[in-house]
Amino acid sequence: MSEAIVITSGKGGVGKTTSTANIGTYLAMKGYKVALVDTDIGLRNLDVVMGLENRIVYDIVDVVEGQCRLKQALIKDKRFDGLYLLPAAQTRDKSAVTPEQMQKLIGDLKEEFDYILVDCPAGIEQGFRNAIAGADRAIVITTPEVSAVRDADRIIGLLEAAELHNPKLVINRIKMDMVKRGDMMDIEDIIDILAIDLLGVIPDDENIIISSNKGEPIVMDERSLAGQAYRNLVERLLGNNVPLINLDIGNGFMDRLKKLFKLA
Amino acid sequence: MIKEAIKIQGTKEGLVIVLEEDVDIETLKEKIVNRIEKSLKFFEGATLTVRVKSLNVKEEKLQELKDFIFDKYGIEVRVKNFQEKHIKNVTDDEIFNGLEEGITKFHKGTVRSGQVVKYHGNLVIIGDVNPGGLVQAAGNIVVMGTLRGIAHAGFTGNKEAVIVASSLRAMQLRIANVISRAPDKDDASDYPEIAVVKKGKIIVKPLYHLNDLW
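Top to bottom, those sequences are chains E and R. Counting from 1, one number per residue, gives the positions in the first sequence under my numbering. Counting from 1001, one number per residue, gives the positions in the second sequence under my numbering.
Mixed in with the good hints, there may be bad ones.
[Stated by the list, open to error] Within a straight-line C-alpha distance of at most 20 Å, the following computed SDA-like cross-link-like pairs (lysine to any residue) qualify: (1) K78/E x Y32/E; (2) K214/E x T1110/R; (3) K1118/R x I1095/R; (4) K214/E x K1118/R; (5) K76/E x I1179/R.
[Claimed, not checked] Just a few of them, taken from the derived set where beta-carbon distance is under 7 Å, the chain E residues facing chain R: (6) E53; (7) N54; (8) Q90; (9) T91.
[What the hints assert, rightly or not] What follows is a set of in silico ranges between Cβ atoms, one per label pair, in the way DEER data are often shown: (10) D93/E x V1178/R: 27 to 37 Å; (11) I124/E x V1178/R: 38 to 48 Å; (12) K1105/R x D197/E: 53 to 63 Å; (13) K104/E x K1159/R: 33 to 43 Å; (14) V1178/R x M178/E: 52 to 62 Å; (15) D1067/R x D93/E: 29 to 39 Å.
By construction, these hints were calculated from the structure, which means they are not laboratory data. Note that this is a predicted model, so its numbers are computed, not measured. In this text, a Cβ means the ideal position worked out from N, Cα and C, and glycines have one as well.
Please construct the entire structure, taking both the sequences and the accompanying hints into account.
Here is the structure:
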């Protein structure tokens, strides 16, 4: 049975697009047929993070306006067979698509794909309403900052109002050394406030920026801690019981050695 | 006011016949003759310019008309393209044929992500085209800067159109209905390049090899 999952956050810049790319890529690596849908019309990024920007001819607005067939607009990933991207339009804005059109589109995609991941734009306006229309589940991304958690809380409320129950939480960009010093919100603090199930914790990692710039999702990197965190996150999404990885890794030699073995 | 299909105006160029709509050669001939007959003296020795929106008339037919008028009244008829004034009325499915010499827009400034510059003629961008920016022309496109976005030349169907850029790093190039995308590995060059359609594919060459292309 296929499932549409919206990835949202309220606040901008917390990692919705990066998470969509990584979750989608790993699902495809595991053999599922996956469609990534970028609904950030006017400020599209998912194509860049996926390294598929130069392949865009048609986009989501062309599809809903009937300028092209859905299949024409779907861009096949250059690495994985079952992975496709439906890019957003760059020259239009959020009002170019309605929630009803999105519902129909997601319905059409469900006939072809196992998972449809919808990358939601920041904000709670039409772009958000479009993105959640047609979704079966939601993943809320936040970072350990008070402002991001505040926005995540608002989004969870809006999701519940839209009858999207039990959203899952991803805490992105956590810095364990800062948490230890008491300078950053703890995972427990965040869950306390938001009171939803934790799907995964992604450590802050410079390599994510590098991989995004290169258009290669970090989940493909076997040795990356953030990549491992995303892989575990996907396993949990699929219902498998995977413990949280130990992010508390120091920089001593023994620590690095431990890290090496844990991830090998 | 109803627009007349044929208007006659006196301008700096002399007398100009303006054709607002496509007319067939017979109507054109009839109108011109009528007009000349009406005020024959006035027209003596004048040059008559016929401005047409689009010419759906064969060259020989036109020449016939020109010869006919010249023989009968001694008036020289010139035919010019009309597009300057009526560019907005042009539809997307008319093939633009002013590649060598035709109406051109000069756009000053950078075309940024999400911006579209579209023109039913040749297009010169004095500035860069950034990723996510789109420049579309019915004719040629010249970017006096770095082309990083998408350029679509000859979008109404002219495959002879070319794309030239001081630095060509386009995400995608489109000429008429031919599309090519940038290689996934970045191997951009720093010299000016030109993109043309050859054998149904877009090829990019350094500008200094121009002679190979034509």
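Open item on the list: Hint check: K214/E vs K1118/R, CA-CA at most 20 Å. Holds or violated?
Closed with: This hinted pair is violated, its Cα atoms lying about 31 Å apart.
Open item on the list: Hint check: K76/E vs I1179/R, CA-CA at most 20 Å. Holds or violated?
Closed with: Answer holds: K76/E to I1179/R is near 16 Å, not above 20 Å.
Task: chain R contact restraint for N54/E - C-beta distance below 7 Å - done: Holds. Min distance 4 Å.
TODO: Kindly confirm whether 53 to 63 Å is satisfied by the beta carbon distance between K1105/R and D197/E.
DONE: holds, 56 Å
TODO: Indicate whether the distance between the beta carbons of K104/E and K1159/R respects the range 33 to 43 Å.
DONE: Roughly 37 Å apart at Cβ, these two residues keep to the hinted range, so it holds.
Open item on the list: Given T91/E as an interface hint, is its Cβ closer than 7 Å to any Cβ of chain R?
Closed with: holds, 5 Å
Task: Hinted pair K214/E and T1110/R, Cα distance within 20 Å - done: violated, 25 Å
Open item on the list: Assuming the hint says 38 to 48 Å, is it satisfied by the Cβ distance from I124/E to V1178/R or not?
Closed with: holds, 43 Å
Open item on the list: Run the distance test for K78/E versus Y32/E: straight-line Cα separation, threshold 20 Å.
Closed with: holds, 16 Å
Open item on the list: Please verify whether K1118/R and I1095/R have alpha carbons no more than 20 Å apart.
Closed with: Given pair K1118/R, I1095/R holds - Cα atoms ~15 Å apart, limit 20 Å.
TODO: Using Cβ atoms only, decide whether E53/E comes closer than 7 Å to chain R, and label the hint accordingly.
DONE: OK, holds: E53/E within 7 Å of chain R, min 6 Å.
TODO: Go ahead and decide if the range 27 to 37 Å is satisfied by the Cβ distance of D93/E to V1178/R.
DONE: With Cβ atoms ~30 Å apart, the hint holds.
In this structure, the hints that do not hold are numbers 2, 4 and 15, in rising order.
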